[in-house]
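**Student:** Here are the chains, one letter per residue:
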Amino acid sequence: MAVLTDRPPAAAPARRDQRVARTLATRFLGYATLIFFGLVFLYPFVIQIGNALKTEPDAAANPLSPIPDPLTLAGFERIFAGTNFPLWLGNSLLVTVLVTIGRVFFDSLAGYALARLRFRGRSGLFAAVIAVLAVPGVVLLIPKFLVLNQLGIYNSYAGLVVPLLADAAGVFIMKQFFESIPLSVEEAARIDGASIFRTFWSVVLPMAKPALITLTILSFQGSWNEFPHSLVSVQDPDLFTLPRGLADLVSGSLGKGTQYPLKLGAALLATIPVAIIFVVFQRYFVRDANDGSDKG
Amino acid sequence: MATETLTAVGTARGKSPRRRRRGIRRDETVAGWLFVAPVIVILGLFLLLPILMAFWVSLTDWNGQGSPFTSEVPFVGGHNYTQLFTEDGLARRDFMTSIRNNIYYVAIVVPAQTVLALGLALVVNNRMLKGKSFFRSAFYFPSVTSSVAISVVFLFLFANSGAVNALLAFLGIDGPEWFADSRGVLHLLLGTVGVDSPPAGLTGGGPFGLSWWDWLAGPSVAMMSIITLVVWTTSGTFMLMFLAGLQNVPVALDEASILDGASRWQRFRHVTLPLLKPTTFLVLTLGLIGSWQVFDQVYVMSQGDPAKTTLTPAYLSYRTAFRDFDYGSGAAISFVLFLIIIVFTLIQRRALAERDTDRPRRGWRRRRVPERS
Numbered sequence: 064m065a066v067l068t069d070r071p072p073a074a075a076p077a078r079r080d081q082r083v084a085r086t087l088a089t090r091f092l093g094y095a096t097l098i099f100f101g102l103v104f105l106y107p108f109v110i111q112i113g114n115a116l117k118t119e120p121d122a123a124a125n126p127l128s129p130i131p132d133p134l135t136l137a138g139f140e141r142i143f144a145g146t147n148f149p150l151w152l153g154n155s156l157l158v159t160v161l162v163t164i165g166r167v168f169f170d171s172l173a174g175y176a177l178a179r180l181r182f183r184g185r186s187g188l189f190a191a192v193i194a195v196l197a198v199p200g201v202v203l204l205i206p207k208f209l210v211l212n213q214l215g216i217y218n219s220y221a222g223l224v225v226p227l228l229a230d231a232a233g234v235f236i237m238k239q240f241f242e243s244i245p246l247s248v249e250e251a252a253r254i255d256g257a258s259i260f261r262t263f264w265s266v267v268l269p270m271a272k273p274a275l276i277t278l279t280i281l282s283f284q285g286s287w288n289e290f291p292h293s294l295v296s297v298q299d300p301d302l303f304t305l306p307r308g309l310a311d312l313v314s315g316s317l318g319k320g321t322q323y324p325l326k327l328g329a330a331l332l333a334t335i336p337v338a339i340i341f342v343v344f345q346r347y348f349v350r351d352a353n354d355g356s357d358k359g
Numbered sequence: 016m017a018t019e020t021l022t023a024v025g026t027a028r029g030k031s032p033r034r035r036r037r038g039i040r041r042d043e044t045v046a047g048w049l050f051v052a053p054v055i056v057i058l059g060l061f062l063l064l065p066i067l068m069a070f071w072v073s074l075t076d077w078n079g080q081g082s083p084f085t086s087e088v089p090f091v092g093g094h095n096y097t098q099l100f101t102e103d104g105l106a107r108r109d110f111m112t113s114i115r116n117n118i119y120y121v122a123i124v125v126p127a128q129t130v131l132a133l134g135l136a137l138v139v140n141n142r143m144l145k146g147k148s149f150f151r152s153a154f155y156f157p158s159v160t161s162s163v164a165i166s167v168v169f170l171f172l173f174a175n176s177g178a179v180n181a182l183l184a185f186l187g188i189d190g191p192e193w194f195a196d197s198r199g200v201l202h203l204l205l206g207t208v209g210v211d212s213p214p215a216g217l218t219g220g221g222p223f224g225l226s227w228w229d230w231l232a233g234p235s236v237a238m239m240s241i242i243t244l245v246v247w248t249t250s251g252t253f254m255l256m257f258l259a260g261l262q263n264v265p266v267a268l269d270e271a272s273i274l275d276g277a278s279r280w281q282r283f284r285h286v287t288l289p290l291l292k293p294t295t296f297l298v299l300t301l302g303l304i305g306s307w308q309v310f311d312q313v314y315v316m317s318q319g320d321p322a323k324t325t326l327t328p329a330y331l332s333y334r335t336a337f338r339d340f341d342y343g344s345g346a347a348i349s350f351v352l353f354l355i356i357i358v359f360t361l362i363q364r365r366a367l368a369e370r371d372t373d374r375p376r377r378g379w380r381r382r383r384v385p386e387r388s
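So the sequences go chain by chain: A and B.
Those letters in the first sequence? Residues 64 to 359, per the working numbering, in order.
Those letters in the second sequence? Residues 16 to 388, per the working numbering, in order.
Source of the hints: derived by calculation from the structure; they are not laboratory data.
Each hint should be verified, as a subset may be incorrect.
Rough simulated footprint, nothing fancy, chain A against chain B, three-plus residues with beta-carbon under 8 Å [as the list claims (entries may be wrong)]: (1) 136-144; (2) 165-177; (3) 265-274; (4) 305-312; (5) 339-350.
On a predicted model such as this, the values are computed, not experimentally measured, just so you know.
Even for Gly, the Cβ is constructed at its ideal location relative to N, Cα and C.
Same shape as in the complex, but just chain A (with noise of 0.2 Å):
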């Protein structure tokens, strides 16, 4: 402001319409990036969704084209008569709740007694935590194999799930929640004589249900999604889970136009449940990529 009554008055109407112009410039320039972006990021997905419905010369003839010309259901009857996919489908579901289910528990009674409980080990064992977040998951392909062999779970659902029923993320990010909720109404509770696992479950999770909903949304979209553990856990046809069925359906193709509607069709039903969940709960997963620059 004080910059601006220093000057000559007879200069200030033209820098203001200068500002202006600069004004619009950025916002077109803005929009414009925002749009080129925009297609970027989504165009792919309309491409997935129009060829889906597409015939397979059509789709392979036109396929920047979004739109089916004739539209057919042809390569979704194909995905329901001619593949596993019901049966993946199923696996997937089944792997899904067992595991979201297993890891909200399991994560948040240790992320509580990490947070909250005063017992020998607690810190070290925090440490282990932040330890076995560093272990990267593909090294681990081979040494999962090893022991699901050796504990005669390797190719069972057994294999599938439990190897998955705890991640240190979770723990991590429950114990961090945990310690910002007040202590005050825990104590209340402790004080009127409810047992530590009684205060846990009535008082405080009531109380974390943000971090709860978090949890579970990354749970069911780390379990829905992932691959390499069912790559090395199963062998067997009938156990496999949507991402490895899917994976069998391209591989070996390799890129040779074959099938593509019937192959993008399966890739969209099993994009689809996430990207529901995506809609609706937008706001958790925005919040989780935050923590995870906090966290840094």
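Based on the hints, put chain B in the right spot on chain A.
**Tutor:** This is chain B only, laid out in the frame that chain A set:
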């Protein structure tokens, strides 16, 4: 700040609750261990124990038959490791090829996703634009979808008669057969200036059994399509991190620099970017850690082909173990990869820890920024 007030309250009313607690300490010990027991059992059984088992297997020639922990399995000591580094042979050539491929992959993916994420964050953070939250979600959406499903879509986009080539044809460019093209991008660039065969100095032996010419091939055309896919899927997540970082840039600071007559570039260069330094560091190191783990996309899109130019250490270790039944060698590759990733993780954690102890000074420096610019 919040923690400071909490501890202050805690110490102020300290004594009596602590004494009362001592009575129920034993309960807390039992409950504490019971509460963490499921997590300890699962992570111990399926994470720590397997790592130890795999380390043992990496010292043997186990072929997948029977148990690896019997005396019949041949113990070979460090042979699976020396094979990767010092002995001339297929194992070393494949491993070094995978390392080369992954180095090029990292060298493109990490800078590209960081710049793209920062750019998107700056646009989405612009106060003058409407509809930003829609675009923010659009940019982030690919990050939450299944890597396998997205790879299927990109297989179609990059197919010979696919959308990318249709788009290139529209611009008058004859697109390559993406997934059949093993030519390195750097070789192609050299080809445009007339260097088609390796110059005499580069045919000779480079380090670890690959010729210099092979080391300098650049990512193959096929690898470029995987790189495109990964940059496209990960940028959204990192954009959100940059957005969170941008919220720490005080509006007053930005306005002050406008009044000082700083140009947009100057403001970005001297005000925004220095304040985003911690976020940028986080994004870069997370990118480094993540991009050494590329596996799903390779499995679905190329399986290491063409001519092994999309082979990565992660995929090679899988293939060596589960396709060639050489579990010892595969496990050894995993451990080398583990070491590479852990180095980046430790660098990151170290720097972040230093940053946290630096916090008060950072506040002081932040206030100094406008004066300096």
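**Student:** Checking each numbered hint in turn, tell me which of them this model violates, lowest number first.
**Tutor:** 3
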